[in-house]
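A.B. asks: Sequence:
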Amino acid sequence: MIEVTMRFPAQPGQFTAPMGMVTPQSSPVSFTATGARMNTVCAANVSQHLALGEPEADEVVLRWQFAPGGGPYPQEMFSTFDNRFTRAASGMAGETVEIAQSAGGGLAGLQAIVDHVAGIFDYGHPEDRFYDGFDEIPHLCDMTTGSCVDINAYLIAGLRSAGYEAGYIYGLFVPETKRDWAEDGHCWVVTRHDGMVQCWDIAHHLKMGLRKVTPGLNPRPGVRLAMGHSMGWNVPALGLEAVKLMALPLWITDQGPQVPESMKISLSGYDELAAVPEPA
Numbered sequence: 001m002i003e004v005t006m007r008f009p010a011q012p013g014q015f016t017a018p019m020g021m022v023t024p025q026s027s028p029v030s031f032t033a034t035g036a037r038m039n040t041v042c043a044a045n046v047s048q049h050l051a052l053g054e055p056e057a058d059e060v061v062l063r064w065q066f067a068p069g070g071g072p073y074p075q076e077m078f079s080t081f082d083n084r085f086t087r088a089a090s091g092m093a094g095e096t097v098e099i100a101q102s103a104g105g106g107l108a109g110l111q112a113i114v115d116h117v118a119g120i121f122d123y124g125h126p127e128d129r130f131y132d133g134f135d136e137i138p139h140l141c142d143m144t145t146g147s148c149v150d151i152n153a154y155l156i157a158g159l160r161s162a163g164y165e166a167g168y169i170y171g172l173f174v175p176e177t178k179r180d181w182a183e184d185g186h187c188w189v190v191t192r193h194d195g196m197v198q199c200w201d202i203a204h205h206l207k208m209g210l211r212k213v214t215p216g217l218n219p220r221p222g223v224r225l226a227m228g229h230s231m232g233w234n235v236p237a238l239g240l241e242a243v244k245l246m247a248l249p250l251w252i253t254d255q256g257p258q259v260p261e262s263m264k265i266s267l268s269g270y271d272e273l274a275a276v277p278e279p280a
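Residues 1 to 280 in UniProt numbering are what the sequence shown spells out, letter by letter.
No lab work stands behind these hints, which were simulated from the structure alone.
Ideal Cβ placement from N, Cα and C applies to all residues, glycine included.
Incorrect hints may appear among the rest.
Here are the simulated lysine to aspartate or glutamate pairs, DMTMM-like style, with alpha carbons at most 20 Å apart [claimed, not checked]: (1) Lys207 <-> Asp122; (2) Lys212 <-> Asp122; (3) Lys264 <-> Asp122; (4) Lys178 <-> Glu3; (5) Lys244 <-> Asp82.
Estimated spans, in silico, between C-beta atoms of each pair [claimed, not checked]: (6) Leu210 <-> Met38: 40 to 50 Å; (7) Gly13 <-> Glu278: 15 to 25 Å; (8) Gly106 <-> Gly13: 22 to 32 Å; (9) Gly124 <-> Gln255: 22 to 32 Å; (10) Thr214 <-> Pro12: 40 to 50 Å.
Whole structure, please, built from the sequences with the hints as guidance.
C.D. replies: Laid out in structure tokens, this is it:
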């Protein structure tokens, strides 16, 4: 059995936590919490539930159990959720269509869009995101610094504009050098075209100094565990609209959802997860 534990200091208020999701690599089995009273809320627009907690101890400890192997990626992941994190500016949409057509369309066109996105980003965590303050993903004409979240937002918007099915997954990456712990979350993209499912991780390629991106959860050795999918969550029960990501624990604050400070993430079952074949 694969188990993920996240622990963080309590504070006044409520927090949400993801419930995990089924992928070909893993499937959620159970979720438990200590140090908090728990309930559930729904984000119907992305077809996912969230645990909702209120601390009753000094520390909150959340545990998810997963079985190795699972089923197909959820269909809802590939749906087009129209919000500012998925909507492409007209200039961007036109460019990605042209890129795909110039490559001959099909899988070659898909690869060409991936290559284009990899060519306009440097990996990093800027204080200001290139899409801050916009109601859509803006068209980039110059080199831009972005995290995995930023790069994949641009990739998803571009692929969908060109007519490709693309889904956004957020979860954990545990490097082979660590094996039993992670520093924070990670995200990647899954595409479906002509019956072929492919995974893309531009950010890890760039971190390794590679501009030519090949499909697969590579090139960094390690394991990935999906906790949720899609960007732009609406949670009516909490009065939340178009929240970028809700696939890690988040405190619900007046300033918006916030990742807990000093959160520690641990994993057991690395070898079980690593033994599951990854998609191409």
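A.B. asks: Please write out, lowest number first, the hints stated earlier that are contradicted by the structure.
C.D. replies: Hints 3, 7, 8 contradicted; others consistent.
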